Every structure is written in structure tokens, then in C-alpha cells.
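Between the sequences and the hints, there should be enough to build the whole structure, so can you do that?
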Amino acid sequence: MQPPAEFVHWMFATGFLLLGLCLFAQAIVGDEVWRRRAWRAYLWPSLIFLMGVLMWPVMVFFTNSTVHMLAHGSWAQVMMLAGAAELGLVRGKLHNPYWRLTMPLAFLVSGAALLIHEQNGWFFARSAFLHHLIGWTIVGFAIFPFAATFRPRSTFWRSGFAVAFVVLGVMLYCDRDVAPVFGHIASQAGAPHR
Amino acid sequence: MSTQLASERAAVRRSARALTITALGPATMLGGVVWAFLQPYRITLLHPHGQGFWWLAIEPPLLVVLAGIAFAFLVAPGVIEDLEAHEDGR
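From first to last, the protein sequence lines stand for chains G and B. The first sequence begins at 1 in the working numbering and counts up one residue at a time. The second sequence begins at 195 in the working numbering and counts up one residue at a time.
Treat the hints as calculated values from the structure; they're not laboratory data. All values derive from a computational prediction rather than experimental measurement. Glycine included, every Cβ here is placed at the ideal spot set by N, Cα and C. A few of these clues could be false.
Claimed, not checked - Simulated DEER-style distance windows between Cβ atoms:
#, chain 1, residue 1, chain 2, residue 2, range
1, G, 178, B, 232, 18 to 24 angstroms
2, G, 64, B, 231, 41 to 47 angstroms
3, G, 184, B, 243, 29 to 35 angstroms
4, B, 232, G, 46, 30 to 36 angstroms
Stated by the list, open to error - To give an idea of the chain B side of the interface with chain G (calculated C-beta under 7 angstroms), a few residues:
#, residue
5, 211
6, 272
7, 280
Here's what the structure looks like:
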């Protein structure tokens, strides 16, 4: 009953897509309007926190090496940390806005974990290509939540932050367990399937 | 005169924000539908015979459409209502 890894990627992609839509809407209308309804203020921080929690079963059930376990575990921790920090700020339990720096930290740690735990080259198979691409993309996109911490009213930085999650979702949707990338697939990768 | 122009421009900008929020959900749904047409083999419901549970339950283009529906019907209406109330000074 355990789903193949590609299905887990697609489910997380859907979560990131929803996250991106909510963040983009908040960037457009501003915090004052977005937080007029209490449940909405908690919506995307809760979603990030929940996705961090759900990374733990991924770590447990989809670990095929120590480095995979460390990567999945680090994603779980930084996503929970970023979500919890935002929840604390929204609730008023945390006051220092620099807690928002946990988000670029999560981006950097996640990107580094993706790059470090991928042992194969870019064109080994599609999953290897996407690990490299997503890793560098997340590291690059970390500038958006970082800048948004210091320019919280900037639509540009906050929209970029939202787009980061949409792009991440699109790349995760492209993932397959064994598939070629631009016609390349190493013989050791196995037989590609649908 | 210039004040009137400024307020008209502000009104246009405000409606543009509401329109953008309104369009986000349908645009996402459209993305899923376009993807389904480009890669119909990803919709296993079209040929369900012999497919396992996960292939039938998790179909990426449909997930994109579902995400768009969730945003369009659960999130966007309230945001637009609050945005318009905010713009009207309520």
C-alpha cells in the first residue's frame, strides 16, 4: 500500500502549489486584508508546518540510504521551524520579525540537502536532474524570503517568495521514479516506465 | 481634475487586485486541463483497467485542477470580499 516515491513528490507538489497561491494572494492584497479572518492568517504557516510533519513519515518509509535519511530529516525540521516561527508571529507569541529569517534558512538548508544527497550527475536520470535543478533553484530563491524579512511590504519580494513555491511544485510534478531527461538516461538507472 | 484622475487610477488599481485574486484559481485549473491534454497518459482514469490504487488516486493534472478549485472556492471569495470592504473603508 506504500506509494512509489513519485506519488509522494506529486502530493507534496500539490501542497507547495496551494502554498504558493495563498502567499501570492497575500502579497497582492497585503497583510491587513489577508488577516481580517483569523483562520486565513494561520492558513499557510499551518500548511508549511503540516508539510514538515509529513516529511517525517517520508523520512521513515522512503529512506534508502543514510544521506537520504539526513536530507529528509533536515527538510522536516526546517519546514516545521519556519512554519512554527510564522505561526508564533501571527499568534503574537513571538514579537521579533527576524524570526522570519527561519524561512530563508529553510530554503538554504533544503537546497543544500538536495544538492548534497544527490549522488549522481545531472543527466543520470530525470530524478537526478530535478534534484540538482530544485536544489540550485531553492538556494537562489532564498533571496526572496530573505529580502521580504527586511522589506515586508514589498509586493515584488513577497510575490517572488510565492512564485518560489509554485516553481518548486511544477518541478516536483515533473519527477518520475525512472525516466529520461532530455533523452538522457544512464544504463544503471534502470528501465524507464510510463 | 488631477485629484479625480488620481482617484480613478486608484479605483482601476484596486479592481485589478481583485481581478488577479479571482483569476488565480481558474488559471491554475486551466493549467491542469492544458497539462491533461498535453500528457493524456497521466490521466489513468481514461484507461483504468489494470491500474493500481495510487495510479488511480493520484493523477498530477487532476491534482493541479483540485488545487485551483480549492483556492477558487475556499480562499478567494473571502479574500475578495475583505479586499472590497477594505477598499470601501468598511
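So, going through the hints one by one against the coordinates:
no. : hint                                : result
1   : 178(G) x 232(B): 18 to 24 angstroms : 21 angstroms, holds
2   : 64(G) x 231(B): 41 to 47 angstroms  : 35 angstroms, violated
3   : 184(G) x 243(B): 29 to 35 angstroms : 32 angstroms, holds
4   : 232(B) x 46(G): 30 to 36 angstroms  : 33 angstroms, holds
5   : 211                                 : 5 angstroms, holds
6   : 272                                 : 6 angstroms, holds
7   : 280                                 : 5 angstroms, holds
Violated hints amount to a single one, hint 2; each of the other numbered hints is respected by the structure.
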